[in-house]
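Next come the chains, spelled out residue by residue.
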Amino acid sequence: MASAVAKSPPQPPPRRRTPGAPRRRTGASPRRLPYLLIAPAGLLMVGFIAYPVISVFYYSLRHYNPTKPWRNGWAGFENFVTAFTEDPQFWQTLGFSLQWVAVEVVLQLLLGLGLALIVNQTFIGRAMARALVFSPWAVSGVLTSTIWLLIFNSQTGITRYLADMGIGSYGTSWLSDTSTVFPAVVVAELWRGVPFFAILILADLQSVSKDLYEAAEVDGASRFRQFFHITLPHLKDAIILSTLLRAVWEFNNVDLLYTLTGGGPAGETTTLPLRIASIAVDSHDFGYASALTSIAFVILLFCSMVYLRLSKFGGQDK
Amino acid sequence: MSTTQHLNREADTAGPTAPASTLTGGPRAPKRRPWDEAPRWQIYVPLGLYLLFTLIPFYWMLLFAIRPAGSTSLLPWPITFEHFDKVWTERSFALFFQNSVIVGVLSMLMTTLVALAGGYALARFDFKIKRGFMLALLCSQFIPGALMLVPLFQIFANLQMINSLGSVIIAEAVFQLPLSMILISGFIKNVPYSLEEAAWVDGCGRFRAFCAVVLPLLRPGLIAVGSFAFVHSWNHFLFALMFLSNQDKQTIPVGLATLMGADSVDLGALAAGGVIAALPVVIVFAFIQKWLVTGFSAGAVKG
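Residue numbers (my numbering), protein chains in the order written: chain A, -12 to 305; chain L, 122 to 424.
Please keep in mind that the hints were generated in silico from the structure rather than gathered at the bench.
All of these numbers come straight from a predicted model, not from anything done at the bench.
You may find that some hints are simply not true.
Said to hold, decoys possible - Non-contacting residues of chain L with respect to chain A, defined by C-beta distances greater than 12 Å in every case (computed): (1) Y171; (2) P199; (3) F202; (4) D206; (5) K207; (6) L216; (7) F246; (8) D247; (9) L270; (10) Q281; (11) L286; (12) T372; (13) L377.
Claimed, not checked - Pair by pair, the computed Cβ-Cβ distance ranges are: (14) A:G158 x L:R340: 53 to 59 Å; (15) A:P220 x L:F328: 41 to 47 Å; (16) A:Q142 x L:G287: 38 to 44 Å.
The C-beta atom is built at its ideal place from N, Cα and C for all residues, glycine as well.
I would like the entire structure built from these sequences, with the hints used as guidance.
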């Protein structure tokens, strides 16, 4: 990320600003034009992203609950103290969030990398194969829930057919049993998430110089060594960036868990954002929800920075 | 610069009579090179297994949608459309579909236009706050819509936009903006500035030069970004759930969630609703698949 900022854009030739330049019939002066062009985006982002972020931090320091107006007022750090000391569910949901993110990102990356390497080969039917294996990428969280609810339901789901074959018993639902619910939701999210990595990695694979492989071939390097010494180093930045984006995204993934398990059974699959949403929606305790949101922000920011630093992302550009 | 040539070639071959591009492969493309050679089974066996994992869930949904209620057959026979009838009329998916189309198309247009203007400024000008603006764009990637629900709800309440599709359109567009703008500015950077200058020499203004020279070359990128935005807001659930409480304003994902949340889930109707939700996405996806990988390789990862 840092590299993208550090790199200066290809500079327009100075001719643009020198007097006597080619005739231009531009409406605004070149000095003001870029500001006019970014103004709509800038205003929208200030109004609907920056302002909400600031107000979250502000409300996190207040008691604010529209249904209990008599308690509203300045709270200082009380909301935070409550979260860290009096709310066991906070720690539980935080723990599950981390487990969820780690498992999903690692598995999605490994499967996505493998898939990208396979569909990067030349073989008959490749275009079709790519279209089919990438297709769940475009499927929504709610639709994923729909599909996997049909698969996991206890009467006509997959357990019925497995029971017909003598595996397991009739009438079990993997989504309502605390021992099977985690693998079940992980598989459902994998189904949708793997293509994201496969697409990004495949895009990057196509820019590896073929000469490198030819040279390695001449030197007698095995395909295995070619992968570790040419392919993987080339993919490094893409992998770092995509895992980071995906980790943030999975942390904030509410659609799938909300609709597939509702955070249950017994709160087993409640992530921190899911808990925040339910506090805001059910008990309208916006102050406390804002405090939890601020904590989530800080965690995300901190983890992202540590990750970028440790992985030395874009380091060679400095 | 090879990326630029790449873009040009894509634009050239994008016409209706274009031959299968090298990107999508196709049976005629393969020219075996030594470094490509993996034993065939190493390709087909894992690919086959993964295809099963991908396709069986789709088949499962389709099966439930077209076989009669109560049937447990694994083959969809006899075919019935009763579930579709039911979900389309009784469960008002016709209305949800219409709302989703409005939200999807308008937020896509808003995202693409605003991102195109901003992306052009970022690609072609140097100005004071540019670095800060880029940084803001990148940082906003880490700001989750899910955590912004409370303040956004208050903003839209103040604007009297709760229960109007406008709130969802704006929210979806805004959260798509940063990534779209980064992508589009990458695409624009790949178009040589000299092309625009040549058009100025020929007497075009900046705007006309942009429309005549740059825009056609941006086609693959814009299609990728626009489709991405459309699919995203078509699929997105949370904003519609929070900002639209009227039944007749809801979108398809909320309709599906309502079906799932019912005490006794009508699986046939749910599956039919799922098929309806998937159809536009499948169509868009089939259409952009060719550009998807190109679009990303040109803009996203390389910055």
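Now for the hints, and whether the structure bears them out:
no., hint, in the structure
1, Y171, "violated, 6 Å"
2, P199, "holds, 17 Å"
3, F202, "holds, 18 Å"
4, D206, "holds, 18 Å"
5, K207, "holds, 16 Å"
6, L216, "holds, 17 Å"
7, F246, "violated, 4 Å"
8, D247, "violated, 7 Å"
9, L270, "violated, 6 Å"
10, Q281, "holds, 15 Å"
11, L286, "holds, 16 Å"
12, T372, "violated, 10 Å"
13, L377, "violated, 5 Å"
14, A:G158 x L:R340: 53 to 59 Å, "holds, 54 Å"
15, A:P220 x L:F328: 41 to 47 Å, "holds, 43 Å"
16, A:Q142 x L:G287: 38 to 44 Å, "holds, 42 Å"
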